[in-house]
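Trainee: One line per chain: the protein sequences are A and B, in this order. Its first residue numbered 1, the first sequence is counted upward by one per residue in the numbering used here. Its first residue numbered 1, the second sequence is counted upward by one per residue in the numbering used here.
Since the hints were derived computationally from the structure, they do not count as laboratory data. We put the beta carbon where it would ideally sit given N, CA and C, even for glycine. Keep in mind that a hint or two might mislead.
[Claimed, not checked] From the derived model, a few chain B residues whose C-beta atoms are all more than 12 Å from chain A:
#: 1; residue: Leu52
#: 2; residue: Glu157
#: 3; residue: Ala178
#: 4; residue: Leu242
#: 5; residue: Ile353
#: 6; residue: Glu374
#: 7; residue: Pro451
[To be verified] Away from chain B, derived, C-beta distances all over 10 Å, residues of chain A:
#: 8; residue: Ala27
#: 9; residue: Pro49
#: 10; residue: Ala75
#: 11; residue: Met80
#: 12; residue: Ala87
#: 13; residue: Arg95
[Stated by the list, open to error] Derived list of chain A stretches under chain B, where covered just means 3 residues or more per stretch with a C-beta under 8 Å from a C-beta of chain B:
#: 14; stretch: 4-13
#: 15; stretch: 35-41
#: 16; stretch: 131-137
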Amino acid sequence: MYVLLRHLRRIRRTVAPPAPSRRHSLALRHVDAGSCNACEHELAATAGPHYDLERHGLTVVASPRHADVLLVTGAITVAMAGPLLDAYRAMPEPRRVVALGDCANGACPLADAAQLAGPLERIVAVDMWIPGCPPPPERIAAALLDLLAAPPGGAYSAAMSSATDRRGAGRPDGGDG
Amino acid sequence: MTPVVRVAPARWRETCAAAIADGGRLCGLFADGSGPTGALGAAVAAPDGDRLLLTEPRGGIVDSVVELAPAVGWDEREAHDVHGVRFVGHVPLRPLVDHPSPVDAWAARVAGRDVHQVAVGPIHAGVIESGHFRFHVVGERILHLDVRLFYKRRGIEAAAVGRPAADAARLAGGACGACTVANGVAAALAVEQARGLEPDAELRRARVVLIELERLYNHLNDVGAVCAGVGFAPGASLYAVLKERVHRLCARIAGHRFLFGAVAVGGGTVAVDAATARAARAEVDAIVAEHRAAWRELRFTPSLRERLVGVGVADRDAVERLGGVGPAARAAGVARDARGDSPRLAYGGFRPILVPGGAGDVAARVEQRAREVEQTAGLLAALLDGRLGPGAATPTAVGSGIGLARVEGPRGETVCAVRLAGDRIARLWLRTGSYANWQLLAHAAIGELLPEFPLINKSFELCYACVDR
């Protein structure tokens with residue numbers, strides 16, 4: 001046990017950047033609406049020692065009632081459209097919606113159109129899109145920290161337009177390794 | 001070439017029974033088309049090689065084989081929901097893919113004093129895939145669990161119809177991010193079989209490297225997930241770091257953290273020079289050395305250990321009966337590993353490892369993965385000794401247009417069958433290790449306390465995306 005903790009302390013000193021002093025926080029609620037599970041893996045990685053978003057005030061919460069941000073992954077299947085809307089409606093105002101990954105933005109070429117209710121913007125207004133298939137954790141972390149820094153309402157158009165530019169780039173996104 | 005046995009519909013049950021009696025295992029059943037022209041196929045893994053049984057049920061009605069092989073219970077329910085096949089003797093034939101609203105229409109009826117239901121999902125509390133669990137409990141004790149998946153159904157198999165055969169690996173690989181290589185290689189091998197192509201030695205080696213890298217990060221993830229499942233943060237954090245290192249290694253080798261796009265039909269897409277391969281081998285060695293040190297600590301940490309032993313037992317009988325595969329089967333002492341009979345992959349002389357005792361509980365499943373990490377590192381070390389890939393598949397026979405392949409993924413074997421019409425896909429069927437094991441997971445939960453379920457679930461760590469497709 002002490003060996004593990006000592007090892008962890010060493011890791012924390014070598015891999016994790018120090019937390020900046022921010023005074024705000026955002027509670028995140030994730031809904032998988034038909035992903036391939038890669039976006040979930042990368043989102044989970046942002047809570048790991050390398051990124052540790054909780055230090056910045058970004059926490060995944062269990063209930064949409066406690067959430068400021070709805071993080072949606074996947075192509076929005078017909079079966080998940082209802083539960084997704086339920087989660088959205090349960091959130092207090094002001095609320096923000098982030099589409100995580102290419103599928104949520106309609107760039108999911110592998111699906112049968114009859115099974116899909118998406119893309120996400122057809123169901124709820126999207127404030128931010130984090131591109132990638134899947135977006136690597138550093139990109140998710142950077143985007144969520146931007147969201148934390150920005151005031152609510154109309155401030156994400158830059159992120160949206162750059163996201164649209166990168167859409168359909170062909171080769172799946174490799175991250176920076 | 002995949003051997004295909006065509007069976008008269010009246011002899012379907014009898015033929016399946018004979019295949020099982022001869023030591024074969026039904027590892028999946030699928031419908032191909034609906035209505036009067038529809039066919040029904042079953043994949044059989046037999047001691048003398050894999051084969052496909054095919055029949056054309058008249059009027060879409062055929063005898064059920066579910067009591068011969070309960071493992072194909074979900075397959076029959078799916079074939080009924082999606083293709084309208086009616087299975088005589090499968091009673092009740094409850095919906096699986098379809099989601100009718102009254103609970104009695106899809107869940108087992110559990111009655112008695114103090115029995116009540118607890119509904120969980122499809123949205124879960126953490127960063128988890130979507131699916132619904134219906135627990136029938138008395139107090140805290142689980143009497144029965146109905147698993148209702150297919151919330152994430154993207155219709156990949158339907159979307160595949162009419163696409164070029166070369167897209168098969170990308171389609172199957174797209175079903176699941178964490179099993180993309182295993183599923184993609186299974187589809188690539190199935191198409192190559194259908195076309196009479198055989199992968200050369202280079203391609204076999206390159207594919208095994210990709211499959212084992214995928215297994216490495218998944219197994220490290222799954223050991224960490226069990227630590228997280230009991231709130232043991234030091235273990236969860238350490239394994240999160242190790243997993244991240246494998247993702248970065250994958251990006252260096254194949255240009256993608258999850259190895260997307262690394263598997264293709266008819267050849268390889270990954271080429272690695274000798275220096276990069278040896279650097280990758282050194283990194284795998286370093287990762288596994290850290291795993292070894294961490295695992296030694298975890299094994300002797302009582303606050304973790306005491307939570308795992310004797311919980312969520314899926315024993316040998318259950319595995320055999322319900323067709324369990326992968327680490328969950330091996331943790332119960334069943335030496336079932338498709339790597340041992342993969343002639344088209346570079347697994348010469350492979351022997352599955354089994355944890356001593358084969359208790360089939362949470363502790364055994366975690367230990368099974370921890371040991372398999374070492375085995376995977378050994379396989380990678382042998383293959384990353386020099387230049388790698390890309391390799392090609394070359395024609396050796398005239399293809400029959402039908403192919404079947406099995407590949408051992410992180411959660412068990414992926415079975416893939418394809419039927420081609422010219423250069424196009426007429427049917428692509430994918431049955432993953434997760435699909436095979438959900439029934440086993442529901443069985444392992446029986447008699448346990450409801451709060452233990454997340455831990456039991458983590459110890460199987462099955463994909464939903466793999467099942468829903």
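Trainee: For each hint, tell me whether it holds in the structure or not.
Mentor: Quick rundown of the hints versus the structure:
At roughly 24 Å from the closest C-beta of chain A, the C-beta of B:Leu52 stays outside 12 Å, upholding its exclusion from the interface. Under the 12 Å C-beta cut-off, the non-interface status given to B:Glu157 relative to chain A is violated; the minimum distance is some 8 Å. Residue placement check: B:Ala178 does not keep its beta carbon more than 12 Å from all beta carbons of chain A (closest about 5 Å). For B:Leu242, the condition that its CB be more than 12 Å from all CB atoms of chain A is violated, with the nearest at approximately 10 Å.
No Cβ of chain A comes within 12 Å of the Cβ of B:Ile353; the nearest lies about 25 Å off, and the non-interface call holds. Every CB of chain A lies more than 12 Å from the CB of B:Glu374, the least distance being 19 Å, so the non-interface label holds. For B:Pro451, the requirement that its beta carbon stay farther than 12 Å from each beta carbon of chain A is met, with the minimum near 15 Å. Interface exclusion of A:Ala27 from chain B stands, the closest Cβ pair being 13 Å apart, more than 10 Å.
The beta carbon of A:Pro49 sits about 5 Å from the closest Cβ of chain B, which is not more than 10 Å, so the claim that it is off the interface is violated. Separation of A:Ala75 from chain B is inadequate, the least Cβ-Cβ distance of about 6 Å not exceeding the 10 Å criterion. Distance to chain B contradicts A:Met80 as a non-interface residue, since its nearest Cβ pair spans about 5 Å, not more than 10 Å. Against chain B, the non-interface label of A:Ala87 is violated: not every CB pair exceeds 10 Å, the least being about 6 Å.
For A:Arg95, the requirement that its beta carbon stay farther than 10 Å from each beta carbon of chain B is met, with the minimum near 16 Å. Counting residues of the stretch 4-13 of chain A whose beta carbon lies closer than 8 Å to any beta carbon of chain B gives 5, which reaches the threshold of three, so the coverage claim holds. Requiring three or more residues with a Cβ within less than 8 Å of a Cβ of chain B, the coverage given for the stretch 35-41 of chain A holds, as 7 such residues are present. Proximity of the stretch 131-137 of chain A to chain B, defined as three or more residues with a beta carbon under 8 Å from a beta carbon of that chain, is established by the 4 residues found.
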